[in-house]
Each structure stands twice: as structure tokens, then as C-alpha cells.
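Participant: In the numbering used here, the protein residues as written are 5 to 426.
The reader is advised that the hints may include incorrect statements.
With a straight-line cut-off of 30 angstroms between C-alpha atoms, the simulated DSS-like cross-links for lysine-lysine are [claimed, not checked]:
| hint | residue 1 | residue 2 |
| --- | --- | --- |
| 1 | 422 | 204 |
| 2 | 30 | 209 |
| 3 | 369 | 422 |
| 4 | 78 | 211 |
| 5 | 209 | 369 |
| 6 | 173 | 30 |
Here are the in silico distance ranges between beta carbons for each label pair [what the hints assert, rightly or not]:
| hint | residue 1 | residue 2 | range |
| --- | --- | --- | --- |
| 7 | 15 | 299 | 56 to 64 angstroms |
| 8 | 50 | 84 | 30 to 38 angstroms |
| 9 | 30 | 369 | 31 to 39 angstroms |
| 10 | 397 | 260 | 25 to 33 angstroms |
| 11 | 162 | 299 | 30 to 38 angstroms |
| 12 | 68 | 22 | 26 to 34 angstroms |
| 13 | 355 | 26 | 36 to 44 angstroms |
| 14 | 165 | 319 | 33 to 41 angstroms |
| 15 | 164 | 113 | 26 to 34 angstroms |
Derived by calculation from the structure, the hints in this document are not laboratory data.
All figures in this text were calculated on a predicted structure; none of them were measured in a lab.
All residues carry an ideal CB built from backbone N, CA and C; glycine is no exception.
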Amino acid sequence: MLRKHKEVSIQDFYQLDLGSMWRYFKSETLAFWMICAYLFLEYVRPQSIYPAIDILPWTQIAVLGALVGCFSDKSVRWASSSINVWLSLFFVVILLSSFFAYWPDVSYSQLKNLYTWIIIYFLIINIINTERRLFIFLCIFLIASFKLSLSLSITWAERGFSFTDWGLKGPPGFFENSGELAIQMLVFWPLAWAFSLYLKPYISKIKYYALLLMPITAVMVILGASSRGAQLALLAQLCLLNYRSILKPKILVSSIVIFSALWLILPQEQKDRFQVVGDDRTSQQRLLYWENGIEMMNQHPVLGVGFFNYIPYYERFHQSDMLYDRAELPHNIFIQVGTDSGYLGLSIFLIIMLAARRKMRLVGKALRTDECHENRFPTGFNLSMLGFVVAGQFVTVAYYPFLWIHLAFVVVFFRIFKNIKV
5 MLRKHKEVSI QDFYQLDLGS MWRYFKSETL AFWMICAYLF LEYVRPQSIY PAIDILPWTQ
65 IAVLGALVGC FSDKSVRWAS SSINVWLSLF FVVILLSSFF AYWPDVSYSQ LKNLYTWIII
125 YFLIINIINT ERRLFIFLCI FLIASFKLSL SLSITWAERG FSFTDWGLKG PPGFFENSGE
185 LAIQMLVFWP LAWAFSLYLK PYISKIKYYA LLLMPITAVM VILGASSRGA QLALLAQLCL
245 LNYRSILKPK ILVSSIVIFS ALWLILPQEQ KDRFQVVGDD RTSQQRLLYW ENGIEMMNQH
305 PVLGVGFFNY IPYYERFHQS DMLYDRAELP HNIFIQVGTD SGYLGLSIFL IIMLAARRKM
365 RLVGKALRTD ECHENRFPTG FNLSMLGFVV AGQFVTVAYY PFLWIHLAFV VVFFRIFKNI
425 KV
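With the sequences and hints as input, model every part of the structure.
Facilitator: Structure follows, in C-alpha cells:
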């Protein structure tokens, strides 16, 4: 596993030798630079934080640069995967759904919300094709997420861990809303945890404890974001992580202490919100969205009502079930996809997620027989997926970066560590 690449070995990366990592990065190709730039721009969003530099479409430029760079990068080879096939089929179903939609113009105007992620997915899995590239790309993802978790956990601590209606907010973009921010933390902390444990044998205790700040601050943001769905997802992740050893006295006591501490930190107003689940107007409206969304799927089982046609359809045919002035998306990823593309599209969507989970289980089995030290990444990836799915039952984030970047990481990790054809 500790293969050499010119003067920089992968072990230098494991030791977090920043000088070696930078020398390697400078020697890389345009395609790799641009896909790394895209990830940084999408997750850190300096162009949103500093309006003075928001004069060009930076993320689009980075994606275009990565695409152009692929043609000059001789190391880029087509990465085959069963997920590629299912993603392509899903896109075809969405195109058909858009064509036969109640309001095709609405669908066509929103297609970029899917095809953009598919393009980015294919760029990542084809460009990130070595262990060193994966390591740097993952580091960018972790550092960008840690920037959010650290600053926002400090913000929450400074206000005395108090409750606010808006929770915690990220920079303008996909993570500005507290619910979506919390999902990013649900995706982030299991990978940060796995990364820390993987590097533990190679780094000093100080560096190891510094790395542990990533999952710790991520969990703090989940608690401070005031998102009930995200907090429920966190509980599901922790239960799955410890389900095999939960009855061992040491683990049981530790779990009780941790859950008690988390409950004590949680503001009283947030605890009260759990007690009124199903009774408050927000919950009642979501229940109506789900009920009517399922009815839409049953009435249009093949292709749904049309891609992103849920809102106009709801306002036209379910106006009596609107508790607010305007309808919103269904606050559930499965109902979102099902109304967008029918049971046909929803089935493919589920297959894609199950395929990603299966690939990580296969990698986990293979690595257990490897002579290298313990690798927690397969568990981390599946915990990330679980967090997205559970929290996704309460928000409409099917076409946010969470799933699509996750799929790209899964395919790349599978190809590199399993070393077989995907």
C-alpha cells in the first residue's frame, strides 16, 4: 500500500507532510488542479463570502477547466462502474418525465439541477484515479467542511449554546440554510472520524487530537442547527456505529454518558420542539405534503407529475391542503424523486444508493483481510449515506451536492482500494 511516486511517497501524505503534499500537487495536471478548485469553490464559496471577487462564474470555470484538462491528461481513463449505468438511466427517466410533465417549461428550466451533478460526478471519478489524488481531494473536502464546523461551533458556544429559530447558517449557497448545513455535517463527520483513525499510526498525538476536532465540531453544529431531522439522523448514525458492541458494559456506559451529555447541551427550546412533533403547523404541513405527494405518485406511477412540477401541481390540485400562502417542495427526498419521475425513477434512485452501500461493504470485507492497519472508511461512507437518507426524510435535498459527491467518492475509493473493476 505504501507505493512510491517519484520523490514523494504516500507515507509522506499519511504523516501529513504538507511540504511533500504541496510539491506533489504542483507537479499534477490541469485537470486535477481544476477539479480540486471546483471542490474548494463549491464548499468554501469565497466568492459568496467576499462579494468583491464574485465577478465571474468561478465554479463553472473550474468545471470547464477540468473538462478541458481531461483531454491533455494522459492518466485519465474512463472509469467504468455500475453506478454510471444507473445514473445514466436515471437521467433518461428525468428527461422523459420533463417531456411528459404537466408544465414542461418548468422541468426544462430545472434540468441543470441534475445534469450539472452528473457532469461533476463523471469528472471526479475519471480524474481522481490514484491514491495520492484521492488523499488530496479528500483533504480539501474535509478542510472545507471543517472551516464551517469550527467557525459555527464557536459561534454557538459564544452565544451560550442557546436556541434560535434560524439555528446556525453557513455561507450563501447550498449550506446557508441550517437544515442543509446540518446534513453536510452528517455527511462530513463520519469521514472525518475515519480519516483521523486511519492516520493515527502515522502522526503525533497533537495532530491526531487536532484531527478529532473535525468530527467533534461537526456534531456540535448538528446540535446547534436546530434541525430535528438532522438530530434524529445523528442518533441513527451513532446507534449503527455501535450496534454490535452496544451491550458491552464499557460501550453501554460510554454511550449513556455521551447521549446524556448531548441531551444536556441541547437547548430547552429544541427539546420542546421534539415534544410538539406532529402538532405544530410546520409538521402538519409536511404531513400534508407527504400524503398528497404519495397520492401524486400513485396517480402518475410511471413518470410522476414532471421534474420539479410538484409545487405548481400542488397549488393547482391541492390548494385546500395549503397551510401557508405558497406551496413548497415535499420535504422528503423519496417523495421529491417519486413525484419528479414516478416509481420508475424512484426505483433507480434507490438502486443507486444501495449500489453505493454494497460497494463499501465489499471494500470493507476486502480490507479486513489486508495486512495494512484498520481502515474505517467503508463504515464512514455508509454512515454518511445513512445520515443523508434519514435527514432527507424531512428536507428536499435530492439534487444538492450531498449524494452526488458521495457517489463519486464511493466509486473512486472502491476502484483504488478494491483494485478490481467496479
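Participant: Evaluate each hint against the coordinates.
Facilitator: Taking the hints in turn, this is what the structure says about them:
no.: 1; hint: 422 x 204; verdict: 22 angstroms, holds
no.: 2; hint: 30 x 209; verdict: 29 angstroms, holds
no.: 3; hint: 369 x 422; verdict: 10 angstroms, holds
no.: 4; hint: 78 x 211; verdict: 36 angstroms, violated
no.: 5; hint: 209 x 369; verdict: 29 angstroms, holds
no.: 6; hint: 173 x 30; verdict: 34 angstroms, violated
no.: 7; hint: 15 x 299: 56 to 64 angstroms; verdict: 58 angstroms, holds
no.: 8; hint: 50 x 84: 30 to 38 angstroms; verdict: 35 angstroms, holds
no.: 9; hint: 30 x 369: 31 to 39 angstroms; verdict: 37 angstroms, holds
no.: 10; hint: 397 x 260: 25 to 33 angstroms; verdict: 27 angstroms, holds
no.: 11; hint: 162 x 299: 30 to 38 angstroms; verdict: 46 angstroms, violated
no.: 12; hint: 68 x 22: 26 to 34 angstroms; verdict: 29 angstroms, holds
no.: 13; hint: 355 x 26: 36 to 44 angstroms; verdict: 41 angstroms, holds
no.: 14; hint: 165 x 319: 33 to 41 angstroms; verdict: 40 angstroms, holds
no.: 15; hint: 164 x 113: 26 to 34 angstroms; verdict: 44 angstroms, violated
Hint violations for this structure: numbers 4, 6, 11 and 15, all remaining hints satisfied.
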